[in-house]
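A.B. asks: Here is how the chains run, residue by residue.
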Amino acid sequence: MHYRWQTGMSAWVLHRVTGLALVFYIMLHIWVISSLQLGPKAFEATMGFVSAPLFRFLEVGLLFCVIYHSLNGIRLVMIDFFGATEKHVSIFYILMSIGAITWVWGGSMMISHALHDLGNGVSFFPF
Amino acid sequence: MNLKQFGTGSGGSTAWIFQRITGLVILVTIFLHYLFLHFLNDGNVTFNEVAGRLSTPLWKTIDITFLSAIIYHSIQGVIMNIHDYIQRPGFRMTLIGLTWFVFIVLWITGITTVINFRPY
Chain Z
9 MHYRWQTGMS AWVLHRVTGL ALVFYIMLHI WVISSLQLGP KAFEATMGFV SAPLFRFLEV
69 GLLFCVIYHS LNGIRLVMID FFGATEKHVS IFYILMSIGA ITWVWGGSMM ISHALHDLGN
129 GVSFFPF
Chain V
122 MNLKQFGTGS GGSTAWIFQR ITGLVILVTI FLHYLFLHFL NDGNVTFNEV AGRLSTPLWK
182 TIDITFLSAI IYHSIQGVIM NIHDYIQRPG FRMTLIGLTW FVFIVLWITG ITTVINFRPY
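Chains Z and V, in that order, give the protein sequences.
Sequence positions in the first sequence follow my numbering and run 9 to 135.
Sequence positions in the second sequence follow my numbering and run 122 to 241.
Check before you lean on any hint, since a few could be wrong.
[Unchecked claim] Quick list of simulated restraints, FRET-style, between CB atoms:
| id | chain 1 | residue 1 | chain 2 | residue 2 | range |
| --- | --- | --- | --- | --- | --- |
| 1 | Z | F57 | V | P210 | 41 to 47 Å |
| 2 | V | P210 | Z | L66 | 47 to 53 Å |
| 3 | V | W180 | Z | G47 | 15 to 21 Å |
No lab work stands behind these hints, which were simulated from the structure alone.
Note that the coordinates shown come from a computational prediction; the quantities given were computed from them, not determined experimentally.
Each residue gets a CB set at the ideal place from its N, CA and C atoms; glycine is no exception.
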């Protein structure tokens, strides 16, 4: 296969890459949250582990994947069901602008939370 | 059995439309998920907060819908990758079977967590 790095192909490749990252994340997420079945102590120990600054920084990457995959997914539905094929490039840039703002906004909140924890002596690694 | 054509009966149109439908369902539910679990709270999810939500049938319904849509969307997404990159029919079929197996186990795990939840 020959890759043409224009908007449509780049959007498709990034959709695939973020999709696979989200699949990997959701497997861990379901497993981590299943510790609810072991009671409050076990659950909060697990949540304590995964709320270490290391994971909070990684979650900024997760937010990127969620925002990109969601917004590009909206674009796919607009193309497939609402005849937006001819305008797909401008729709891409409009949605990505919204996405960039949302990511910087949400990501900065998450980073400041992690920095706050680090300032309070929480160790970067959970182990 | 002809392995080369295995699983191509519908030509993928059912999978295609369901990938869009589940995608739209996830769009709504993931927004609620982020809003209520990560934005309208201090950033730490506690057992008591979860217990409060899971004691209402509405949140149980939202979570089960969210989980099920994501499981389907993930299976289909992984299968699309397998179709694109794995050429050997037997290996392809094995990986597709494995994908279904892993995600059904995850679905049961998630469903059990939501339905069997006891507030202690």
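A.B. asks: Now, for every hint given, state plainly whether the structure supports it.
C.D. replies: Cross-check of the supplied hints:
The given range of 41 to 47 Å is respected by F57 of chain Z and P210 of chain V, whose C-beta atoms sit roughly 42 Å from each other. In this structure, P210 of chain V and L66 of chain Z break the distance hint of 47 to 53 Å, their C-beta atoms being roughly 37 Å apart. Distance hint for W180 of chain V and G47 of chain Z: a CB-CB separation of about 20 Å, consistent with the stated range 15 to 21 Å.
Checked against the numbered hints listed earlier, the structure breaks hint 2 alone; every other hint is satisfied.
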